[in-house]
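Since each chain comes alone in its own frame, lean on the hints to assemble the complex.
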Amino acid sequence: GAGVSQSPRYKVAKRGQDVALRCDPISGHVSLFWYQQALGQGPEFLTYFQNEAQLDKSGLPSDRFFAERPEGSVSTLKIQRTQQEDSAVYLCASSLGTENSPLHFGNGTRLTVT
Amino acid sequence: DQQVKQNSPSLSVQEGRISILNCDYTNSMFDYFLWYKKYPAEGPTFLISISSIKDKNEDGRFTVFLNKSAKHLSLHIVPSQPGDSAVYFCAARYSGGGADGLTFGKGTHLIIQP
Chain A
1 GAGVSQSPRY
11 KVAKRGQDVA
21 LRCDPISGHV
31 SLFWYQQALG
41 QGPEFLTYFQ
51 NEAQLDKSGL
61 PSDRFFAERP
71 EGSVSTLKIQ
81 RTQQEDSAVY
91 LCASSLGTEN
101 SPLHFGNGTR
111 LTVT
Chain B
1 DQQVKQNSPS
11 LSVQEGRISI
21 LNCDYTNSMF
31 DYFLWYKKYP
41 AEGPTFLISI
51 SSIKDKNEDG
61 RFTVFLNKSA
71 KHLSLHIVPS
81 QPGDSAVYFC
91 AARYSGGGAD
101 GLTFGKGTHL
111 IIQP
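Chains as they are written, first to last, in the numbering used here: chain A, 1 to 114; chain B, 1 to 114.
Just chain B, same shape as in the assembly (with noise of 0.2 Å):
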């Protein structure tokens, strides 16, 4: 049973627009979240995250909200440019788990159109 869910295979965005990726998860212990960034032949790349006591964290052209009682969580980038093209990965963890291990959800596949 998938405990974080990113339903949105892929995505296709103009250059200049938002891109808006999202993921659910089911496993209420869960209280920090990362978004990674993964390029085709290379390994995920850490991007940023939110921690279960927030509701926002913003890095410049990214932006990640938390909605704990909808148990769901979304990626912003604006504005969105081409080097963005990337699959994301929405990853999960819980301290009790007794390590840093994450749970990642399937990934969504971003394109921006120029």
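Bound conformation, chain A alone (with noise of 0.2 Å):
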């Protein structure tokens, strides 16, 4: 079946510009995360929603990241006014929900912010 699907891949975006990355997680996934990864380094967790609500947002750098899932599927990640520092790849991740489920993840997005 189809896995978890991610656009755009690549995003180039001017310091101080809004941008929008989304992702559409595997079909009946409840569970949904949005992880940050520099280069480097490991992902590291922003943001996480059971089905329509957000139960965590505790990693979200700073209060220009938004992340919004409406319908309990498709979740947005927007990032205003964006710094260098923003720059990396943005992964989603969706799982079942049930007891140690493994995150299946995207092939991410590829932020850089000039």
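Please note that the accuracy of each hint is not assured.
List time: in silico EDC-like cross-link candidates among lysine to aspartate or glutamate, alpha-carbon distance up to 20 Å [as the list claims (entries may be wrong)]: (1) K11/A - E42/B; (2) K5/B - E44/A; (3) K106/B - D84/B; (4) K106/B - E68/A; (5) K57/A - E68/A; (6) K106/B - E44/A; (7) K11/A - E85/A; (8) K78/A - E99/A; (9) K71/B - D1/B; (10) K54/B - E99/A.
In silico contact screen, one side only, chain A against chain B (beta carbon under 8 Å); selected entries [what the hints assert, rightly or not]: (11) G42; (12) F45; (13) D63; (14) S87; (15) L91; (16) P102; (17) L103; (18) H104; (19) F105; (20) G106; (21) N107.
To be clear, the hints were calculated from the coordinates, so they are not data collected in a lab. In this text, all values refer to a predicted model and were calculated from it rather than measured experimentally. Ideal Cβ placement from N, Cα and C applies to all residues, glycine included.
Structure, rendered in structure tokens:
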């Protein structure tokens, strides 16, 4: 079946621009996660949804970052007034939400802020 | 402070031999551990996991060992194949975290030499 799909694959933004990154999870997956991966680092947790409810947003680095999943399926990560330090790969993952169900990742969106 | 540590940024192993990737963690609350494999320009792919109630889990060529007292786990790949060349991430979670979110290490780049 189809995996987690993210778009766009690559995004170049000028400093100060707003960007929106899209994630289509695996159909039927209740849980959805956003991670940020800087060069040479492991993925770092940003936020977590269970269906449409955002249960944890403790990893969002600033109030310029906003995520939503209004119908419990597709999710959008929005970054306002982008800064150079926002340059990273943004990974979306989904899971069934049952105990110890593994996360399935998309291929990510590489954001470069110039 | 890194709660999951992979102290070897890279590892080179000859084809056919055993690859051993190591991971240490500091949070004693972690109770579930996973290994992910990542190829360039792709998202991490789930490989194998282990619950804290076990000390070993095997799946084909892959075996994960957990030493809770040492807060250490390792991934063994035998025999190593060229397609195993990738970055391997160790990840951990704890049930009381309120989410299925994972804490990742920085990864180890495994290179299988012919």
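Now the hints, each set against the structure:
{"no.": "1", "hint": "K11/A - E42/B", "result": "16 Å, holds"}
{"no.": "2", "hint": "K5/B - E44/A", "result": "13 Å, holds"}
{"no.": "3", "hint": "K106/B - D84/B", "result": "18 Å, holds"}
{"no.": "4", "hint": "K106/B - E68/A", "result": "27 Å, violated"}
{"no.": "5", "hint": "K57/A - E68/A", "result": "11 Å, holds"}
{"no.": "6", "hint": "K106/B - E44/A", "result": "10 Å, holds"}
{"no.": "7", "hint": "K11/A - E85/A", "result": "14 Å, holds"}
{"no.": "8", "hint": "K78/A - E99/A", "result": "29 Å, violated"}
{"no.": "9", "hint": "K71/B - D1/B", "result": "16 Å, holds"}
{"no.": "10", "hint": "K54/B - E99/A", "result": "16 Å, holds"}
{"no.": "11", "hint": "G42", "result": "3 Å, holds"}
{"no.": "12", "hint": "F45", "result": "5 Å, holds"}
{"no.": "13", "hint": "D63", "result": "20 Å, violated"}
{"no.": "14", "hint": "S87", "result": "16 Å, violated"}
{"no.": "15", "hint": "L91", "result": "6 Å, holds"}
{"no.": "16", "hint": "P102", "result": "4 Å, holds"}
{"no.": "17", "hint": "L103", "result": "6 Å, holds"}
{"no.": "18", "hint": "H104", "result": "7 Å, holds"}
{"no.": "19", "hint": "F105", "result": "3 Å, holds"}
{"no.": "20", "hint": "G106", "result": "5 Å, holds"}
{"no.": "21", "hint": "N107", "result": "5 Å, holds"}
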